[in-house]
Structures are given as C-alpha cells and as structure tokens.
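Undergrad: Input sequences plus hints: build the corresponding full structure.
Just so you know, we're using this note's numbering here: the sequence shown kicks off at 10 and counts up by one.
Honestly, the hints are just simulated from the structure, not real lab data.
Just so it is clear, the structure is predicted and the values come from calculations on it, not from any experiment.
There could be a bad hint or two in this list.
Claimed, not checked - In the PhoX-like style, the derived pairs of lysine-lysine whose C-alpha atoms are separated by at most 20 Å in a straight line are:
id	residue 1	residue 2
1	Lys21	Lys50
2	Lys260	Lys248
3	Lys70	Lys44
4	Lys260	Lys329
5	Lys70	Lys170
6	Lys21	Lys106
7	Lys70	Lys12
8	Lys106	Lys70
9	Lys128	Lys106
10	Lys18	Lys50
11	Lys44	Lys26
12	Lys366	Lys70
13	Lys44	Lys21
14	Lys44	Lys18
15	Lys170	Lys366
16	Lys131	Lys106
17	Lys12	Lys26
18	Lys339	Lys329
19	Lys366	Lys356
20	Lys203	Lys193
21	Lys339	Lys356
22	Lys338	Lys356
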Amino acid sequence: MAKYECEVKDSKGEILKTHLEAPNMQELATRLSDKGFYLVKATEIKKKSNLLLFGGSVSSKEMMIFTTQLSTLVGAAIPLVEAVGIMADQTTNPYFKNVLESVGRDLQSGVSFSTSIRKHPKVFNRIYCNMCEAGEAGGMLDQVLQRLAAESDAEIRGRIKGALMMPVIQLVIAVLGVIFLLVKIFPNFATMFKKMKTDLPKVTELMMVASDALIQHYMLCAGGAVGIGILIFLALKTKIGQKAVAIFSLKAPILGNLTQKIAVSRFSRTFCSLLGAGVPIMQALQITASVMGNPIMEQMIAEMAIGVQQGNTLASTLQKVDVFPPMVKKMIEVGENSGNLDTMLSKAADFYDRDVKEALDGLTAAITPILTVVMGIIIGTIAMSVFMPLMQMSASMK
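TA: Written out as structure tokens, the structure is:
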C-alpha cells in the first residue's frame, strides 16, 4: 500500500496533519469520510531508493547507543514518535536512519512501537521486539529499554571475536609461510635432491610432492581448497552438520567447558530480561530457545517448556539438562520458591559473564603458545626434509 502525507479536517473544522496508508487516493478519502473526516490534501510519500542501502547493517554498538538514548528520552516523558525522530536525525548510518524514519512514520499512523520494529527483523531481533511489546503493555517501556541496553551478550560476542583474532592471524601467517617455503625455497634443494642417486627420506619425498603440486598445479590446489571450503560451508547449513558442530562444541575438552558457560550465561540473561519485562514464562522459554544459537540447547529448552506446560516447576525440568551446573539449578529453585526468579537469574548471569571473560582470557593465553609450537613443528619438518638428505650426502662423501 502507498503511504500518504495528509491534511484532514475534523468535525470541528480543525486541520490535522498525519501519515496514512491506503491502496489509492480514492480509498483514502473514503476511509477518512467513514470516520467523519474530510480529506483536504494528500501527497504520496515516495519510497527511498534502497540501492545505496543494499546490504546495510546496524552494529551491536549502534544498537546499544540507540537503545540507551531512546530509554533516556522516553523516561524524560518525551513522546515516543518525537524520540524516534530525534534518534533518526542523530544517526550517521544511512541504513539505520532509513529504518528509524520508517518506524517514525508507523508511529505517526498510530501503529505501536513493537509492531513497527517487527517490520525490520534484520535490526530488531525477536527478544527486542517481544520485550518492547511487554514494556508497552505494562507502561514501562523506558525500563525495558534500559534493560535491553544493559545486555552483555554483545560484549561476550565481542570478547570471543577478540580472543580468536590473534590465533586466526597467526594461523594465516603460518599457512602463508609454509606455502612460501614450499614454492620459493624448497624447489632449489629439490632440484639437487633429484640428481642424487640415493634413496631420499620419506619426509623429503612428501615435501617434494607437495612443492611440485603447489607449483605445477596451483590452480587445481586453489580450486580444491575453495571446493573444500564450500562443501564445509554447505554441510554446516544442514541440520545434521549443525547438530554435529553443536555436539562437538559442547563436548570438546577445552571448548566444551567454555561453550557451556556461554550457553548458561545467555540463557540466564535472556530469560531474566524477558521475565523482568513481563513476558509469560512459556513465551519467554520459547523465545530464549530460539536465540541460543545451538540446536542441542534449543531442544533442551524446548523440552523444559513442555515440562512447564505440563505443570512441572522450572527447577524440576532443569534436572534433566546436563549443561546447567548444580549451582544454577539450585539458584533457580530458590528463585521459584521465593518468587524472585528473575533476580536469581540475573545474579547467575552476572556470575557466568565474569566466568566467561576469565575463561576467554585463559583460552587466548593458551592458544598462542600452542599455535607457536605447531608452527615450529611444521617449519621444523620442512627443515628436516632439507637437512636429512644433505647429511646423507655428506656421510656418503666421507
């Protein structure tokens, strides 16, 4: 439907300005007439071109700043439509600006804030929309926005990316270094080794095969590497692949412990925020399950929701979930019995947030020397493939 900027006259003869949607101008006039208004003027609002905004995105930092400032404006009794307009004027992200202007037009048309932001799932996720809906219904939207702004899940994701950044860079440098040695350095020795009439060590023969393959069939090697990458990517998109990764991430020796802590922290923080915003416990469990990012955890929480629906307590359904440690189970049980479940979940989330940060720091400290050792082994293997034939040649000359 087209959007129109309208001037309408009410029964008292006063001119009002508003934004309305209708299939066409005639239908717009008819609808207004049925409601006792007279259409004075209407101008169709042309949709802005999205060519420059294609692929736009909003970062976690931008969302946090927007939510914090919006909660402040709403808490200061500034009308929501004006507050969104102020935020749209302030943002420097053209994509986000376009989204906020769209939300502002919906608000002017009488659409609720939660309904308007649901039209932009790329920017506002399910948790954000549901909590805002609960906040609007309870008259505490500013408090809900403050709670959303305080979410630390984005911070945890940022710390994970930061922890993995250096190891990934080291791994890339190691791979490029090995390719350089095999393509530029090793061939000089390989030419000499091929003229030797003695049997070469297996490691040298292996390096010669790898060097020849990289030099003579580099297109095939590059294509094979890309093909393997595509196959892995496609496999991870399947349910079987996602489940396999989920099981590995939860059961792996070092990674599993960290993954479980992150899962407990995310569950506690998300579930606590939803309950604190007034979302019913069944709906809160369903939403929390959908944002866990791990199909195994999603299935576990879905089974918990079924147990709660059957009349069981949340604490009793948790007894079957191995991912949650006894401390969290006990805190949830105490919270249910005392009527302070959201408070206990908030404390559990704070505890595991700190635990995750410490675990990430430890993982970063452990990965760096491990990669250094691996790089040393790889380079040492290449060096052995060069020096062993030279030592054999030297021994035969004596």
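Undergrad: So, for every hint listed, does it hold in this structure?
TA: Okay, the hints, checked on the actual structure:
| no. | hint | result |
| --- | --- | --- |
| 1 | Lys21 <-> Lys50 | holds (17 Å) |
| 2 | Lys260 <-> Lys248 | holds (18 Å) |
| 3 | Lys70 <-> Lys44 | violated (44 Å) |
| 4 | Lys260 <-> Lys329 | holds (17 Å) |
| 5 | Lys70 <-> Lys170 | holds (14 Å) |
| 6 | Lys21 <-> Lys106 | violated (37 Å) |
| 7 | Lys70 <-> Lys12 | violated (32 Å) |
| 8 | Lys106 <-> Lys70 | holds (15 Å) |
| 9 | Lys128 <-> Lys106 | holds (15 Å) |
| 10 | Lys18 <-> Lys50 | holds (10 Å) |
| 11 | Lys44 <-> Lys26 | holds (15 Å) |
| 12 | Lys366 <-> Lys70 | holds (19 Å) |
| 13 | Lys44 <-> Lys21 | holds (14 Å) |
| 14 | Lys44 <-> Lys18 | holds (11 Å) |
| 15 | Lys170 <-> Lys366 | holds (12 Å) |
| 16 | Lys131 <-> Lys106 | holds (14 Å) |
| 17 | Lys12 <-> Lys26 | holds (13 Å) |
| 18 | Lys339 <-> Lys329 | holds (13 Å) |
| 19 | Lys366 <-> Lys356 | holds (16 Å) |
| 20 | Lys203 <-> Lys193 | holds (17 Å) |
| 21 | Lys339 <-> Lys356 | holds (12 Å) |
| 22 | Lys338 <-> Lys356 | holds (13 Å) |
Hint compliance for this structure: hints 3, 6 and 7 are broken, all remaining hints hold.
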